[in-house]
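From the two separate chains plus the hints, produce the assembled complex.
Those sequence lines, one after another, are chains A and B. All the letters of the first sequence, read from the start, carry residue numbers 101 to 227 under the working numbering. All the letters of the second sequence, read from the start, carry residue numbers 2 to 633 under the working numbering.
Just so you know, these hints were derived from the structure itself, not from any lab. Since we're looking at a predicted model, the values are computed, not measured. A virtual CB, placed ideally from N, CA and C, is assigned to each residue, including glycine. It is possible that part of the hints are untrue.
What the hints assert, rightly or not - Reference listing, derived: stretches of chain A covered by chain B, where coverage requires no fewer than 3 residues with Cβ under 8 Å from a Cβ of chain B:
1. 137-148
2. 199-213
Claimed, not checked - Only pairs whose alpha carbons sit at most 25 Å apart, straight line, appear in this in silico DSS-like list of lysine-lysine:
3. B:Lys267 with B:Lys210
4. A:Lys195 with B:Lys418
5. B:Lys336 with B:Lys400
6. B:Lys148 with B:Lys267
7. B:Lys252 with B:Lys215
8. B:Lys406 with B:Lys368
9. B:Lys210 with B:Lys148
10. A:Lys195 with B:Lys406
11. A:Lys195 with B:Lys400
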Amino acid sequence: MTKRILIIDDEPDIRDLIAQVLENAGYKVLRAASGQQGLELLNTAPVDLVILDIIMEGMDGWRVCECIKSDARFSHIPVLLVTVRSLINEHEEEKNRLADGVLIKPFGLRELQHVVSTLTGEESQIL
Amino acid sequence: MRITNPESPEREAQVDTHVPISQVELPESFRDILERIADPLFALDTNWRFTYANDAAARLFGTTVEELIDRRIWTQFPDTVDGEAYHHYHHALETGMRTEFEIYCAAQQIHLRARIHPSADGLTICLTDITAERQARLEYDARLAEKEERYHMVADFTNDLEYWRGPGGELRYISPSCERITGYQAAEFMADPTLLERIVHPDDLRNVKYHFKKEMITEENYSLDFRIVRRDGEMRWINHVCQPVYDEEGKNRGRRGGNRDITNRKTAEAELERERALMTAVLDQLPVGVIIAESPSGRIIRGNAHMERICRHAIHSSEEPAEQCNCRLFHADGKPYKPEELPLARVLAGGGIVIDEEIHIQDGDGKPRVILMSAAPVCDQHGKAISVVVVSHDITAIKELDNAKDEFLAILSHELKTPLTSILGWSEFALDQSSADILDQAMAIIHRNARRQQRLIDELLDMSRLQHNRMDCVMETADLGRLTCQAVERAMEAADKAGIALALKPFGETLPILADPRRISFCIDHLLNNAIKFNSPGGKVFIACRRERKTAILTFRDTGRGIAPEVLPTVFIPFLQLDRDEAVGGLGLGLAIVRGIVDIHHGRVTAASPGLGQGCTFTIELPLMPPKESKV
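Here chain B stands alone, though its shape is the one from the complex (with noise of 0.2 Å):
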């Protein structure tokens, strides 16, 4: 160390009475443990002069103890005055406070540490060669600046918002790219610490800020994704992750934050999540059981409400294992199907596809349901099945109305042929015969029975002539009292036969409608028929007309068997009537004929019944007709 500058005159003033550490007394065994100090270590008084040096401080400034004690140390190295050195040992001398500084020194080429320590007496200093732990520094310095300078380069080319925060929170570096992100400028983010925050959508914010605080005092990994509001009033979602930043010593340098623009992924979750919605909402809707399961597990990862209906559980992607997971459906006779033999194992195997299976289950009321099911692997693009849809249609509906159908064609068949048996039967037997009794008896037998056919072929015709709405009816003024009178008249031989009394309650006015009266007497006439066929010897119909307003009533109460609860709403519907009875004969259509009559009409026909045993009552409202235009 040469220290050249000639010391200010000021401070030369100030120090005059000052006591060399020569003089002072020190043991002879201190005095050797200060030789043996490697580092260099000197005293100065407060007039500046060593009052001690030791050797390795005496060879740094190049010369020897004797040639430094007493000497001023500004004089000695008059370079230094006003250097760095020169200020840090007086600003020690005048605060009395400790100080620690670095210096090169030049001669020498090596840095040195010098820390100083002020007393009473001056100053005492010890100086350190750092050489080599300052290089050491330094390198390590230059590489974080390199790396740091490296996740700049990144950063500054990154379509993410990079940011780097201190570890106190500041903001250290935030990436160019955050004005594509954000609207703002890197410059704005840097000179305004809260902007990061003021950003943030104020429905996240709590979050947001939740979250930058606990990862403040964290070392975790986070992500998080929030709403931010960007200059221009857009709305973007943003995926944030940060991590702390360490270096080689493990020091925390802060924290690093990546923050990436996830509208687009979020704005196709969305539509995924709408798509889902759909989805579900059109297989609720869908009039059949829909099931889909994972390939191979056969686990099942949606299924339908009709599903669930006709498997009575809830279907759900749980957990169970899978065999558990299958759609769990029961026999008939209520035992549980096992798995491969239903198509959804099947296909599972690798078995194809399965087309309209018929299997027959019972249903969470217990009662037997017939369901067609088809199976089908869904592949991907190397077709590989990935999972399989099985769709179940209940057909059990569409197999009463085709057992209804057989057994309608079965009655039919039979109401036709018994009569055609008596025909033809009779017709050859007479061929044989000479007797005129017996030819008699055949005739009159034939003429019965092809009447019998030709009333059932009219009652299928106007059943057929009804659906299709092509009934011919021609239009009068009639009396609805009247026609009851006649169909009663026309009924009295049959019921007397049958021993049921008939009480007509007698109706003073007439009941003026607008009407077909072949087609209401057909009406009356059958509602009449019935309350004698489905009666007792001894029973009675009540037949009564009445006006209600506007409405002619007609009603007929028997106390003959009565209807089933169950039986009473199809009882107008055709070919539904299953329990008919065969005793009585007939096609069972005639109340669909009598209802499609009186709709015709415009009018009403119901039926009523306390239950089995205790008769009913059918009752036909029809429209009567304004005073002024009906005259009967």
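Next up, chain A with everything else stripped away, as it sits in the complex (with noise of 0.2 Å):
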């Protein structure tokens, strides 16, 4: 069955790369464009994987990860955290354990399709 992954990412680039590079790999890719419209989309369509761009306007990516994980509804959907920052302070890094993984950008397109494959209990598709 194939799967289907949700991207919130507010850099429509990126967002449309992940999407582009997941899609070639065979997955449903569901994209929106702040935390918001990831939720209210997280409740209409089930996800296997939520990929997730800390740093966005409004809701940044550990409030709706904290969401996610504190809906029961959602709680079991790994959550893969994408972020530039690779010096993260304790505080951050408490945040980052909450969700399944962490991708840093920039990142090569194996490496993310290796993790999303192992996040979503798949063997990669594209390989």
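Laid out in structure tokens, this is it:
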């Protein structure tokens, strides 16, 4: 069964890049330009993975992750945080721990696919 | 008593009418009493004849009572005529006054006290042997004289001005050292009782007079500091001590005054006071908090104003117990620090020195502050700690700057890596793609993101150039009105997209300025873009140019989100835009660059806002060119 992935990122170029790569790999992709929009989408369609940018206008990625993980309906869905921050402080590390994985920008496309297939519990569908 | 001188003939003529005491009828019992008196007693009539003498008197005169009666005393003892007794007896008889005198009896080798009681009948004389009493008194006087001599010997060689005033206040002695201290000689003081007071400094005279008066009527020891004016006009400080002097019998013999020249000490004290004042001034001017505590008590003996601000209470050398006197500080959560949590207590306990320990406190306004605290003992020449100096450096601002730097670096990293992620990702993705559409899309995205990075780098370089006064400007005559119109045209598309209306108020004349059009256009573009970006769909931006005397004024008033009053003063400060809107992107250096460019053009840029949600107005003022030079 095709896995469904929700991408929440306010940077359209990056959101489209991830979407293109994953669609080519055989995933079904949902796109949201903000945290609020992402949570609304989550209510309408079941997903197997959420890819979440941290730095966003309005609700940031950590807040969105909190909402997902504290909601019994979605708490089982793995969350992959995407961030440019490689040097993180203790406070941020604590917040990152709520998610199931962290991907540091800029990332290689194979790395992206590998993390996604691991988190969705599938073998890589591109290789 | 042998009296050998003949009596004077004049005296003889006056004394003819006497009734001898032997003829006076005395009761037997009374005579008995008289006979038993051990002291010699005799009576003379007005013709100097013995009318009575007891046995003791007869023994004293070396004869018998019978031999004496009716004999004239001056005939019996011619040696005494015109002697001391002779004059006393005559004086007593003439004046009728009782007289008492002392006389030496060579024959008996005894000292006698004679009491003469005159009456109408003559004189009654009672003699008392005072040889022993007199000997004791002489010995006492000798001892006293010896003591006085010793006092003088000491006083004569003392450096202090010593004097001795008698019980009546009269000056009895003053040491020669008075000349060294006052410039006046001892003889001058002895001759002029007022000199001692006259050399007192006028400002101290009242106090000294009061003291001198008081010391004469009380028996206390006194000490007083006052100034004198020497004969040569020089001022000296004197420490005066005085005490009552008693003899062995406890009798007051006056007062002894010691006067020490303490000018050097007073000068040193004044110098010390100046040093203290200087130290206080220096301590209070120091940009760090300082306290000095006694060791081992921990009692705080000095503290400066800066430390008081850090501690949020006054520091003084109070008499409080040490543990209460400890410098009170509060944790960020408001709980008071325990003494052992602070470096002072540890150094007092012998813990060596503490250097730059970071402690977090709450200041008087409840705000958290970061303090670097160092403490070190101050030791005496034997290496024993006598006090501890604690220096506290408030590094809150440095910490904030440090945080701002970290934040800025994080933003810079984000702003550079975001387009980089697109560039790398899309180029990697395009490599495996053959579709022309995908390739076109990828190329467009890569180009757009490369441009975005270039803008960021330009922004950073511009900021760096401005900070080092190295921004190049190519000055030429330009029309601020035209530059504004061009900028509005450039912004139209973005404004339309965002649903913002731009309203440019037309301005008839030119506004000639000497400027680098590219740089000024950057400023106008930036303020205009901000007015669009920080606005909501349906919002408006009013752009207006005007002339005011020799200044061209350009304003941008928007209906956007406005600026909070506390943020307003910092909007033009680089790297401080901590509340920068991350959704809008950029490094938040734009306004700082605008101000730098306007400064180079000798102009001014200001921001105003009634508050959050109420829009804001940015104004650029630039000097107009004089009319003759301005040919646009």
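For each hint, the structure was consulted:
Closer than 8 Å: that is the beta-carbon criterion, and the segment 137-148 of chain A has 0 residues meeting it against chain B, so the requirement of 3 is violated. As drawn, the segment 199-213 of chain A meets chain B at 5 residues by the rule of a beta-carbon pair under 8 Å; at three or more, the given contact holds. For the given pair, lysine 267 (chain B) sits about 22 Å from lysine 210 (chain B) by alpha-carbon distance, which is consistent with the 25 Å threshold. Between lysine 195 (chain A) and lysine 418 (chain B) the CA atoms are separated by roughly 21 Å; this keeps the pair inside 25 Å, and the hint holds.
Simply put, lysine 336 (chain B) and lysine 400 (chain B) have alpha-carbon atoms about 22 Å apart, close enough for the 25 Å limit, and the pair holds. As the CA atoms of lysine 148 (chain B) and lysine 267 (chain B) are separated by approximately 34 Å, the hinted pair breaks the 25 Å bound. For the hint linking lysine 252 (chain B) to lysine 215 (chain B), the alpha-carbon distance of about 19 Å falls within 25 Å, and the restraint holds. With a C-alpha separation of about 21 Å, the suggested pair lysine 406 (chain B) and lysine 368 (chain B) falls inside the 25 Å cut-off, and the hint holds.
The suggested pairing of lysine 210 (chain B) with lysine 148 (chain B) is violated, with an alpha-carbon distance near 29 Å, which exceeds 25 Å. Using a Cα cut-off of 25 Å, the hinted pair lysine 195 (chain A) and lysine 406 (chain B) holds, with the two alpha carbons roughly 22 Å apart. Distance hint between lysine 195 (chain A) and lysine 400 (chain B) is fulfilled; the C-alpha atoms sit about 23 Å from each other, no more than 25 Å.
Of the numbered hints stated above, those contradicted by the structure are hints 1, 6, 9, listed in ascending order.
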